[in-house]
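Number of protein chains: 2
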Amino acid sequence: MNGSFIAIDWGTTNRRCYRIEDGRVTHTERDELGVLAVPLNGFQNELARLRRRHGELPVLGVGMIGSKRGWQETPYVGVPASLLDLARAAVWVEPRMTALTPGVSLLTSDGADVMRGEEVQFLGAVAAGLAPPGSRLCQPGTHCKWASMEGDRLVNFTTAMTGELYNLLRQHSLLAEVLVGAVACDSAFNAGVEEGARKTLLTSLFAARAAWLLNTRPAADGASYVSGLLIGSDVHPQLQAGSDEIYVLGEPGLGKLYVKAIQVLGGRAHLVDSGSAFIAGVNRLWGCMT
Amino acid sequence: MNGSFIAIDWGTTNRRCYRIEDGRVTHTERDELGVLAVPLNGFQNELARLRRRHGELPVLGVGMIGSKRGWQETPYVGVPASLLDLARAAVWVEPRMTALTPGVSLLTSDGADVMRGEEVQFLGAVAAGLAPPGSRLCQPGTHCKWASMEGDRLVNFTTAMTGELYNLLRQHSLLAEVLVGAVACDSAFNAGVEEGARKTLLTSLFAARAAWLLNTRPAADGASYVSGLLIGSDVHPQLQAGSDEIYVLGEPGLGKLYVKAIQVLGGRAHLVDSGSAFIAGVNRLWGCMT
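So the sequence lines, in the order shown, correspond to chains A and B.
Going by the numbering used here, the first sequence wraps up at 373, each residue one higher than the last.
Going by the numbering used here, the second sequence wraps up at 373, each residue one higher than the last.
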């Protein structure tokens with residue numbers, strides 16, 4: 084069992100655990116026990132519970148478990164960052180038993196940015212050949228990350244609050260009554276993408292409400308259209324800023340919306356399985372650390 | 084008392100009442116009894132209470148009291164719209180005693196927009212000479228309205244969800260801990276305005292959080308900076324779209340932030356007292372209606 088470990092992609096609101104034996108995933112579980120659902124100082128107990136299910140294996144924790152709100156804050160590694168850089172900066176919070184990976188930060192005269200977790204998938208995707216060296220990648224979600232590689236190193240990235248803003252609008256805003264349906268990858272979504280690329284978000288969002296009040300768009304199209312507005316407003320400046328060929332890492336549902344939006348705005352998009360990218364990343368990290 | 088009436092600027096969350104006698108305001112009150120705080124079917128009782136305080140005068144209700152959520156939905160008048168058009172479309176919900184003004188709508192191939200209440204202030208400002216005929220005006224708030232006049236008619240407008248988005252971020256988002264202080268018209272605000280004009284909002288908002296995590300901006304500057312981001316992102320496309328000379332109708336606090344943002348981005352701004360604009364508007368409406 085020397086090559087066996089448990090890798091955890093521990094986000095703010097979700098968690099994915101993988102038991103990995105000699106490089107292969109032999110068990111997977113996913114739940115909603117993100118770091119916010121674990122009491123401070125509760126992570127050691129939580130890992131004990133996991134080990135009762137999966138065996139007394141060492142654990143590699145990735146993502147928000149290494150944040151101020153997680154088990155222990157790990158340092159950020161500045162860009163450019165490779166998997167080897169991440170492995171070297173990992174923190175063993177229990178000797179030989181539990182390690183947490185660092186986050187990645189960007190600090191330039193133009194601004195600041197951070198990520199915790201996505202870096203393993205970006206670097207893993209390139210290491211495994213799921214995306215070519217030097218490519219541009221995107222990982223949609225609550226905070227959508229856009230990354231640029233040079234060779235197999237992560238050299239630049241930007242975060243957009245796209246998913247968080249959609250949830251805020253759906254739960255708490257005057258647009259809530261417009262956003263009652265499901266989001267589909269349909270013509271209303273495409274129209275929203277084009278409008279989102281063309282207009283400033285503050286006004287296009289209100290226009291979506293006005294269209295609802297004036298009955299100029301079918302009510303069932305509201306959620307798809309507004310999702311398109313937000314994703315179009317996210318994708319458009321990224322296609323302007325560099326190569327228009329993007330490797331999208333994500334859940335199939337949200338991933339397909341981004342692929343579609345990139346295509347609608349004239350770019351080329353490839354959907355990459357984010358789980359495979361994560362496994363490739365943690366296997367290589369673990370190899371450098373043990 | 085033939086020329087006397089009570090004018091109410093009845094918004095979603097606030098209300099301002101003015102007793103007007105022969106064109107002059109003789110009493111003013113302001114409270115938080117917006118339409119959402121009044122039960123459906125409760126508006127008649129609420130007006131009875133007001134009349135006990137101010138006398139058995141006729142009432143002119145402006146704003147959200149004429150919406151679906153108010154006493155009765157009044158029609159929208161399409162642009163171009165004059166004060167006379169509004170007076171003609173007003174609805175007497177109690178004969179000779181209570182009238183509600185219409186809202187204004189915009190429907191073009193480029194999109195839809197609506198307003199309820201701001202039109203009286205825009206048209207009143209021009210009618211009273213507080214802003215010149217043909218000017219561009221802006222009314223900041225939960226939903227910031229940008230209006231263009233041709234002569235003394237309202238011909239075009241756009242709404243930005245600026246204030247609502249700021250409140251959503253402050254109350255419900257991951258940026259809440261960045262937005263704890265007060266907003267000041269200071270250098271952090273100016274820096275936010277410039278960044279908001281230059282970058283897309285979805286990414287600049289997350290960068291504000293990253294700067295907070297990495298301690299690259301004083302924590303006390305967070306609220307001013309993010310307010311600047313939002314207002315800069317609102318103002319910039321408007322200055323690109325037409326004349327850069329803007330008449331800002333608003334509360335002194337928020338009004339001054341918009342004036343400053345317009346100046347930072349190279350425009351010319353004039354602060355107009357929105358109360359005076361409203362009084363000018365309702366006096367002229369009342370003259371056409373009685």
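Hint data in this document are derived by calculation from the structure and do not stem from the laboratory.
Be aware that a few hints might be false.
[Stated by the list, open to error] Derived coverage of chain A by chain B (criterion: at least 3 residues anywhere in the stretch with Cβ under 8 angstroms from a Cβ of chain B; other residues may be distant): (1) 116 to 127; (2) 207 to 217; (3) 289 to 299; (4) 322 to 328.
[Said to hold, decoys possible] For lysine-lysine, the following BS3-like pairs were computed, each having C-alpha atoms within a straight-line distance of at most 25 angstroms: (5) 343/A with 343/B; (6) 282/A with 151/B; (7) 339/B with 282/B; (8) 282/B with 343/A; (9) 282/A with 343/A; (10) 339/A with 282/A; (11) 282/B with 343/B.
Where a beta carbon is used, it is the ideal one built from N, C-alpha and C, also for glycine.
Hint check:
Closer than 8 angstroms: that is the beta-carbon criterion, and the segment 116 to 127 of chain A has 0 residues meeting it against chain B, so the requirement of 3 is violated. For the segment 207 to 217 of chain A, the stated coverage by chain B is not satisfied: 0 residues place a CB nearer than 8 angstroms to a CB of that chain, which falls below the threshold of 3. Coverage of the segment 289 to 299 of chain A by chain B holds in this model, with 7 residues showing a Cβ closer than 8 angstroms to a Cβ of that chain against a need of three. Against chain B, the segment 322 to 328 of chain A contributes 0 residues with a C-beta closer than 8 angstroms to a partner C-beta. That does not satisfy the three-residue criterion, and the hint is violated.
Between the alpha carbons of residue 343/A and residue 343/B the distance comes to roughly 40 angstroms, so the proposed pair goes past 25 angstroms and is violated. For the proposed pair residue 282/A and residue 151/B, the alpha carbon gap of about 28 angstroms is over 25 angstroms, so the pair is violated. Of the supplied pair hints, the one linking residue 339/B and residue 282/B holds, its CA atoms being roughly 23 angstroms apart against a limit of 25 angstroms. The suggested pairing of residue 282/B with residue 343/A holds, with an alpha-carbon distance near 24 angstroms, which does not exceed 25 angstroms.
Simply put, residue 282/A and residue 343/A have alpha-carbon atoms about 19 angstroms apart, close enough for the 25 angstroms limit, and the pair holds. At roughly 23 angstroms between alpha-carbon atoms, residue 339/A and residue 282/A fall within 25 angstroms of each other, so this suggested pair holds. Distance check on the hinted pair: residue 282/B and residue 343/B sit about 19 angstroms apart at the alpha-carbon level, within 25 angstroms; holds.
The structure fails hints 1, 2, 4, 5, 6 (numbered hints given earlier, in ascending order).
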